[in-house]
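Chemist: Here's the letter readout for the chains.
Number of protein chains: 2
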Amino acid sequence: MDTHPLQHLYSDTAQKAHSSTIRDLCALVARPEIRSLAGGWPDPEVFPGAELSAIFETLMRERRREIFQYGSTEGVLELRQLIAEQLMDTPEVLAPDSLLITQGSAQGMSLACQVFLDPGDIVLVGLPSYFGGTGAVASRGGVCIGVPVDEQGLDTEALARRLAGLKAEGRRVKGVYTVPNFQNPAGVTLSLERRQHLLELAAAHDLIVFEDDPYQDLCYEGSALPSLLALDREGRVVQLRSLSKIFSPGLRLGWAAGHPGIIRKMTEAKQFADATSNTPSQFMLLEYIKQDLLAGRIRSNRDFYRQKRDFMLKQMKLHFPEAIAWNTPQGGFFIFVRLPEDWDAADLLQESVDRDVAFVTGQPFFVDGRGKNTLRLSFSQASRDDIQAAITELGELLTDRISAEI
Amino acid sequence: MDTHPLQHLYSDTAQKAHSSTIRDLCALVARPEIRSLAGGWPDPEVFPGAELSAIFETLMRERRREIFQYGSTEGVLELRQLIAEQLMDTPEVLAPDSLLITQGSAQGMSLACQVFLDPGDIVLVGLPSYFGGTGAVASRGGVCIGVPVDEQGLDTEALARRLAGLKAEGRRVKGVYTVPNFQNPAGVTLSLERRQHLLELAAAHDLIVFEDDPYQDLCYEGSALPSLLALDREGRVVQLRSLSKIFSPGLRLGWAAGHPGIIRKMTEAKQFADATSNTPSQFMLLEYIKQDLLAGRIRSNRDFYRQKRDFMLKQMKLHFPEAIAWNTPQGGFFIFVRLPEDWDAADLLQESVDRDVAFVTGQPFFVDGRGKNTLRLSFSQASRDDIQAAITELGELLTDRISAEI
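First to last, the protein sequences are chains A and B.
In short: position in the first sequence from 1, add 211, done, that's the numbering used here.
In short: position in the second sequence from 1, add 211, done, that's the numbering used here.
Since the hints were made in silico from the structure, they are not lab data.
Ideal Cβ positions, reconstructed from N, Cα and C, are used throughout, including at glycine.
Hints may be right or wrong, so weigh each one.
Unchecked claim - Quick list of simulated restraints, FRET-style, between CB atoms:
| hint | chain 1 | residue 1 | chain 2 | residue 2 | range |
| --- | --- | --- | --- | --- | --- |
| 1 | B | Asp514 | A | Asp503 | 43 to 51 Å |
| 2 | B | Ala265 | A | Gln363 | 51 to 59 Å |
| 3 | A | Asp597 | B | Val304 | 36 to 44 Å |
| 4 | B | Asp514 | A | Glu445 | 36 to 44 Å |
| 5 | B | Gln218 | A | Glu277 | 31 to 39 Å |
Using the sequences provided together with the hints, build the complete structure.
Modeler: Printed below as a string of structure tokens:
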């Protein structure tokens, strides 16, 4: 290890920071022989193809001076207009100054934390929660406190009790972080009643709501519920969106949407975070939307991943023993598995990796350290062959383990 | 103005933050009829051309599954290796784990501040200094204190006195921020003696040195001096580099270099800042370097901008009155002008914009609010016609003003 001789000069947040367990794990199991259900990456099968080659060539011919130059910090104006019109469920109230193009939704969350969090500020998060969101809170010195998640998403009754309890202790809560649709890792969706309840609680306790919503467009049954941003009447919601799951993660395209006051503050933060987003990526997406290609791509992605979900669920039903529980996600990339209470998914992972099969354990998604008996399976990136082989293998391991216990 | 009704929830740094004066000014004078010497943007004339079209097409054919996917947070390994070999003056001590690909050098500075600065930490900066660097310090709640800059760059004797003075007051200084080569905005270069002196002071006072060096490759006379990173023996320097001035700003490519311990901490910070850099940009640059195109582009950029500098200096000599002083930058994009002591460059700017000519005033680059009588002229982006017309116009304004005073 190259320990830095000057680590006593690190900031408080850097002293406390550590590499994401999940990212490290995914890197660890990236060996070619591994059949991995670990990463939440999209399937390259549905990445854009020759149409983007043609678009890039046209841009080089017609807009070379523009696409390689700095752009505005806010992002390409015409792109923000089209996103507001075509990709938001609140177009009527959204002008371009309610949108900021970001380097993926990860940057959106990072900038939102910069605008709202001082060191020590509390943000309530689900148990479990996406590690990118909780990591962004921690990177500003914020403190995450967990609230249970069930089949209807974040338990807002429990949230209400937690808020009251913290208030009684004299502790100020600044916000709530949630992935309302097809949550990573639990795959659950926040019900409409709870969305409304969450916003009532936010108003009563003067909170900001960080709505991290990368999977909205990957809804496999009916259509997505109204977003928190669409239901909000007080400017309390900052919504973080991404094109990584429906277009391309490598192009690093996302946006933040909310009250123009918040967006202006986030834009100021972005000036010193990275000055401006990638210009060719923005123009490629702009052309892609203008040529009416995105809507079709979203539809075909939805069908593609729905079939992969169904395939994996079928395999699980075939191969997993009865003592194992899991949910049927209505969208997104993830199935969350609960092992018997006293099991440790880390032991299972060890055996599983020995058989060249990988997944991620659930515990790193729980800010209170619980969830030892949970694990996340992703059907997004693996091929059908790998899904079938991996689930068969896991099924055998689980069956053996249960037999050994009896 | 859309004032956010919840601005009482903003963080301390967001409350204090404001949009960069310089960026706002550049936006203001972006009207097509304006002949602008304001922005420090590169000239689209020397942006990459058809060779990148060919590279993109090949990548789409051969690496489509890879270029549109997430990449590692550190950046493409082969690219980091080639950068260490070909673009660093310390290749012998630089392994890929000493390099992190960033979204321009702006992100490098932002991540370095995140790793080293707690709210209230002091960073010493030049008077004047690039606003992006001081803005990044402020975005982490750091405090910039100024030290004079003269023809040899940051005055390290003054720095020594300032450090001693602050120590006597019991105030802890965390680091020094400097643009050692062809500084923005003053155009000056830190001499070799001062580079060594700066590192001695850093060792004596246990400081981190933020070496922001976007112009190193645009050296118009001889070759650049050894970097602070190359002279450093203690792992105290984090160097921030950029391809924006020599390749393309829109592709947002830069890197941070330093002790592997620092780079690892910056990588952890980047995981939650934006997860990973743009993948197609990285692969386009990688191919560009592998096809041996970058070295030639740097050489031709150097010749191109040297000629523009010489042209502007010649025009200034022809048209500016004797009472006006300026420097001859050995590289980079900027000429810094000193008006008579009691003048205010903001008045001149007002008159100048009325005549459709723009520049930026020097004062926003001074963290102590001085520099009212200074201004920055950039020869990078304007065409020769615009340079000639703008300098002629400015020369008339200056001459009129001096006549009026006599």
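Chemist: Determine for every hint whether it applies to the structure shown.
Modeler: Results of checking the hints against the structure:
no. : hint                            : result
1   : B:Asp514 x A:Asp503: 43 to 51 Å : holds, 45 Å
2   : B:Ala265 x A:Gln363: 51 to 59 Å : holds, 53 Å
3   : A:Asp597 x B:Val304: 36 to 44 Å : holds, 42 Å
4   : B:Asp514 x A:Glu445: 36 to 44 Å : violated, 58 Å
5   : B:Gln218 x A:Glu277: 31 to 39 Å : holds, 35 Å
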